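Trainee: Below are the chains, spelled out letter by letter.
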Amino acid sequence: MINSYLPVLVILLVSAFIGLAIIVLSTVLARRNPTPVKLMPYECGMDPIGGARRRFSVRFFVMGMLFIVFDIELIFLFPWTTVYDKLHFFGFVEMLVFVLILLVGLVYVWKKGALEWE
Amino acid sequence: MIELVWLIPVFPFIGFLINGLFGRNFPEKVIGWIGALSVGASFVVALGIFLELLGMPAAQRSVQKIVFTWILSGDLNVPIGFLVDPLSMVMLLVVTGVGCLIHIYSIGYMHGELGFRRFFAYLNLFVFNMLILVAANNFLLMFVGWEGVGLCSYLLIGYYYEKQSAADAGKKAFVVNRVGDFGFLIGMFLIFVTFGSLNYLDVFPAAQEKLTQGGLMVTLITLLLFVGATGKSAQIPLYTWLPDAMEGPTPVSALIHAATMVTAGVYMVSRCSVFYAMAPVSMTTVAVIGGATALFAATMGITQFDIKRVLAYSTISQLGYMFMACGVGAFASGIFHLMTHAFFKALLFLSAGSVMHAMSGELDMRKMGALSKKIPITCTVYWFGTLAIAGIVPFAGFFSKDEILFFALVRNPAFWVLGAVAAVMTSFYMFRSLYMTFYGESRVDHETAHHVHESPPLMTVPLMVLAALSLVGGFVGVPIFEGWHRFGDFLAPVFAPAKAILEHGHHAEHHSVTMEVVLMAVSVGIAVLGWLFARWMYVTNPSASDKAVEKFGSVHTLVYNKYWMDEIYDALFVNSIVNFSKLLWKYFDEGIIDAIVNGVGSVTRGIGELLRWLQTGLVKDYAYSILLGVLVVIGYLVLK
Amino acid sequence: MVTLQHYLFLSAILFVLGAVGVMFRRNLIVILMSLELMLNAVNLTFIAFSRYLGSIEGQIFVLFVMVVAAAEVAVGLAVAVAVFRQKGTVDVNEINLMKW
Amino acid sequence: MIPIPEVNLGGILPALVLCLAGLVVMMLGLFIRRGAVATAAVVSIAGVLIAAAANTPLRMMDKQAFAGLINLDAYTWFFNLLILISAGLTVLTSVRYLTDDGLDMYEYFVLLLFASAGMMFMVSANHLLIVFVGLETLSIAIYVLVGILPSSKKSKEAALKYLLLGAFSSAVFLYGAALLYGSAGSLGFPELAKYFKAGQISRMAYVGMGMVLVGFAFKVAAVPFHMWTPDVYEGAPAPLTGFMSVGVKAAAFAAFVRVFFQSMLPAQMNWIEIIWLLAALTMVLGNLAAIVQDNIKRMLAYSSIAHAGYLLIGMVAGKEAGPAGMLYYLLAYTFTNLGAFGVVALVGRKGEANVMIDDYRGLAKTNPFLALAMSIFLFSLAGIPPTAGFVGKFTIFSAAINAGYIWLVVIGVLTSAASVFYYFRVVMKMYMEVPETQPAELQFSPAMLLALGIALVGVLYIGVFPTNYLNLAALSVKPLF
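These protein sequences, in sequence, are chains A, B, C and D. The working numbering puts the first sequence at residues 8 to 125. The working numbering puts the second sequence at residues 5 to 644. The working numbering puts the third sequence at residues 784 to 883. The working numbering puts the fourth sequence at residues 338 to 818.
Don't take each hint at face value.
Stated by the list, open to error - Looking from chain D toward chain C, a few residues come up when the C-beta cut is under 7 Å (computed):
#1 PHE368
#2 ARG370
#3 ARG371
#4 GLY484
#5 LYS490
#6 GLU494
#7 SER523
#8 VAL771
#9 PRO772
What the hints assert, rightly or not - Computed footprint of chain D on chain A, listed as stretches where at least three residues anywhere in the stretch have a Cβ under 8 Å from a Cβ of chain D:
#10 94-108
#11 113-124
Said to hold, decoys possible - From the structure, some residues in chain C lie toward chain A, with a derived Cβ separation under 10 Å:
#12 MET784
#13 ALA795
#14 GLY804
#15 GLY837
#16 VAL850
#17 VAL856
For the record, the hints were derived by calculation from the structure and aren't laboratory data. On a predicted model such as this, the values are computed, not experimentally measured, just so you know. In this text, a Cβ means the ideal position worked out from N, Cα and C, and glycines have one as well.
Please put together the full structure from these sequences, using the hints given.
Mentor: What follows is the structure, encoded as structure tokens:
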């Protein structure tokens, strides 16, 4: 029982190590040239201080919508992975078709220019 | 020949198709003759079938020809076919014969009109539907024709649609007829429920088996069908559309609103004679409504100055006679009067049309007078028509009207009184119109007077044919002498079952010949009385009519305004229906509110106030409605 | 002890809250969120039953519901943006061009 | 190794073909510079025809596929065909519309095809999950289609309303499904049927049933779940409105009937009275409200509500005759209403500038054939013989009478007689009035003419020779019982 959670522990340790290593390395190695902009807390490109009711670009919505739609398809991948080894080639083809259809959607979105910021 | 019965409606339909779809560039004459000849061809076929029918033994004169099976699915079996029997034969002959004459007349009358092609296309379509109506072998097909003639009627009433009054009249006819059609449809469904079929030959022979004498079902069916008949045949209370229908071209008034379509109700009631015989309550209703209409419409005919409106009211009145005949069990007499009426009323309308033609479209009799010299043929045939409708021996109307009055007396003297009084009035107003139009001093404008001319032969020949028919048409039904009533004998097999039911338990009462003769003398006397009175008022002593107006001032105003029936109707029914839904579904301007409030009253107003918020355009309210529905549904399911 | 009834009760409350939100909130975005709440209440019911009945069918249903909900929200946002561009508002009470 | 259930791609081939056609159109449109709409239309029509060909074998089948999720039977066949007819005619009526307004919206056809595929899944479902997925595939596509007109405020508003209310009703439907699942342990129709037959029906199951019923009632626009209909029909592009009133409604009815007759028949006594009431309310309200409308699209919207009421009578009538009548009625209605909306789209001209009833004044003079066609469509809607609409009403009414629902039929007859008022109003305008200003010439396209011709022939042919189609309908409902 405990054994089955061992991989989780390993993942935890590895990720904690990598995360810490990046922070430590960057503080040790990076050159410092602070500007006010650089010192601002990071908030996805938004100005962190100011009215919360400020309008923001409709582009966010478009990106958000596309993200939701493509992201949610992952939900079908999870159950698939759990039985993938038992489905063999059939399962592979099924998922391939599914992903291809998503790909068509992606191509459409791309060609339409919905992924461009401007 | 009977095999070819399907050809009868097909010819006019072909005429309709040719004129309607391809006639755009045809010259008038071609269009007109295509129309007339297609109906003429039907008449020839009908005549051939008639002769063949005469050659058959009386008991076998009922032949059904199934053309094809329209609906055959599960327990639903609706074969489309035609029933040739004496009743439908009479109707077929009348429709095609009179129809053909009117078509020919129209070629002359409609000459130069803008929608000449449209007119003939509609007219042929009408004949087609009318033939379907009368030749059908089941109620459903009859209903097809019933709706079809209605449609053509509205289209033709509104023929001059640039005129607002014409368009309104078309709409009015439509609205009123829909009320009647409710009755027909529901009655038809009840027949279907009871018999599992709509075919005449399945339904009528089984009537006594499936329905109880005087029972609720048969009474309901007959009353509902009669509601349909009152709509189509312009009886009280649904008669208001017919006088307005005179907005249509005159040949239309002659063909549709006098000779054929409006008699469809009489035909339908006669067709269902077995049902009516089994429902005494309905019989009485039919007789009372018919008698009342005969009288009521006659009183209104007296005061009209528009020559076509006089004829329109007289049509309503004569239709009342026919229904009274059916109501007292004299179905054959009703049909007899239907036929003679078709002759003389078509004649009268067409001669009125001829007068209009001469008078450059003038309809007001006060602006006519002394036309007998200028348009002698028209005047002569108008005489024929008037004598016939007044019931003067030996014209056609005498025989049929007298017969109805006779049976009315036998049944209940009260009906006879209704009929007799109406007969006096009929005679009076018809002679009044005759004298006002053709005699006395000329009151014609100088402008018009110059153009007064007799109509072309294309119009006068049909008039003369109809005049001849109005003269001799009655001799097929000479009373008293055994075997001389050819018409009645011909129809007898159709009405035999109804007659058997009606006489069941009663002894066939014998009436002395003396009584019949006396009655005849009385009815002729009545007619002459009306005639003389009219003559006195409008020829001998022209100022008398004005005095009469003075003397009976208020009564005259009341009658002249048609008892304000139209206004009452509008207020009670037409507006309230439209406004009711407006109230429910629309915010409306202040002005309409008043009108509605008058019509609908406070109860509906309360409901309306609640409901008018419904379609607000707001999503939240729609969601609320859904949620409410959900709660009701769940509540019902949980509590049940 | 948390029983099936608790889950059902909770999800019923969430569902009603969502429904009330649809009817009484004015902001389009909030209404979309309320709809999501309703759908997730349904999901909760499905999961609870699935667990209770020991059948996997309910869980599969939930996966589909989630995908559909996402697609619906995406379209909803798109329409909301379009409406906002034309009318300059996302207040549903001001969106009633068509009525009666 | 998990046993993989039988994969019967042949059975769902019609839907697959439509999906594929949709994807192809989507890609083609991206790479074709000019005439994308025309190309898209051609590919769509080809897809519809191929799908129709792929559909034919279903008529003889009577089996389940995909582990009992999908029904392959005559019922599916019938509705697939109906959906394909409405999709095909809608494509034809839409072409002009999309090029006319300078829209280069080939996506319209993509969405139309996807929606049709969704409908096909919906009608073939043997499990509520499939019903749901089909329903949503169709709905989401339609939400977008309704709002597709870029410059029209009404179009956007309609999309918004439809989406919000559609999602709301979906949630209700789903909640009902969840409760049914909790009671029956499964949402497959056979399992549900077993549960209802066993007789131990819990309150929860009844509530679930009621909510599922509401979900369907919303889609078919039954009162009081109809309120979205007039607004959405008014705002949506006219050809699409036709598609919604016909295709979507048919698919919703198909699933409605399938679910309730195949799996909940034993509880009939409980739902039949609800549907009775819905039918009565729908007929009365739809017809009354239609009388006062001035916009022809709104008028036809209320008329389509009223028709949902007549169709519900068929459900109340039950047995085999009721649903069979509904199938015939839907077929008749498909031709009729698509024809009528085709005319509306045509007369509406550029940007739907002329959608008031007054805009039909004098049409008989300028375009006699068009006016005649419109009159026939309207007669059929009003149920005047010898059109298909009459036979449809007649069969449904007589089925209901045979089942003893006389009062419902009386309401039906009365309201349909009243309906003639507003249908005839348009006919009167066309034939008996003159326009105040001379309207612009109508722009006929070959595709539109073809569509109107097909619709007209359909209305008349199945009205005059209904026997075969009635039998077909009767045959198609057999698998349900």
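Trainee: Holds or violated: is the Cβ of C/ALA795 closer than 10 Å to a Cβ in chain A?
Mentor: It is violated, given that the least Cβ distance between C/ALA795 and chain A is near 25 Å, above 10 Å.
Trainee: State whether the coverage of the region 94-108 of chain A by chain D holds or is violated, taking the criterion as 3 or more residues with Cβ-Cβ distances under 8 Å.
Mentor: Held - the region 94-108 of chain A has 4 residues with a Cβ nearer than 8 Å to chain D, which meets the minimum of three.
Trainee: Under 7 Å is the threshold here; is the Cβ of D/ARG371 close enough to any Cβ of chain C for the hint to stand?
Mentor: Given a least distance of 26 Å, the restraint on D/ARG371 is violated.
Trainee: Min Cβ distance, D/VAL771 to chain C: is it shorter than 7 Å?
Mentor: 28 Å, violated
Trainee: Close enough to count: is the Cβ of D/PRO772 nearer than 7 Å to one in chain C?
Mentor: 25 Å, violated
Trainee: Can you verify the interface hint for D/ARG370: is its Cβ closer than 7 Å to any Cβ in chain C?
Mentor: 26 Å, violated
Trainee: Tell me if C/MET784 is really an interface residue toward chain A, meaning its C-beta lies closer than 10 Å to one of theirs.
Mentor: Violated, about 24 Å.
Trainee: For the region 113-124 of chain A, do at least 3 residues have a Cβ located nearer than 8 Å to some Cβ of chain D?
Mentor: holds (count 4)
Trainee: Is the hint on D/PHE368 kept, meaning its closest Cβ partner in chain C is under 7 Å away?
Mentor: This interface hint is violated because 24 Å lies over the 7 Å limit.
Trainee: Does D/GLU494 hold up as a contact with chain C if the rule is Cβ-Cβ below 7 Å?
Mentor: Holds. Min distance 5 Å.
Trainee: Do the numbers back the hint for C/VAL856, that is, is its least Cβ distance to chain A under 10 Å?
Mentor: It holds, given that the least Cβ distance between C/VAL856 and chain A is near 6 Å, below 10 Å.
Trainee: Let's test the interface hint: is any C-beta of chain C closer than 7 Å to that of D/LYS490?
Mentor: 5 Å, holds
Checked against the numbered hints given earlier, the structure breaks hints 1, 2, 3, 8, 9, 12, 13, 14 and 15 and satisfies all the rest.
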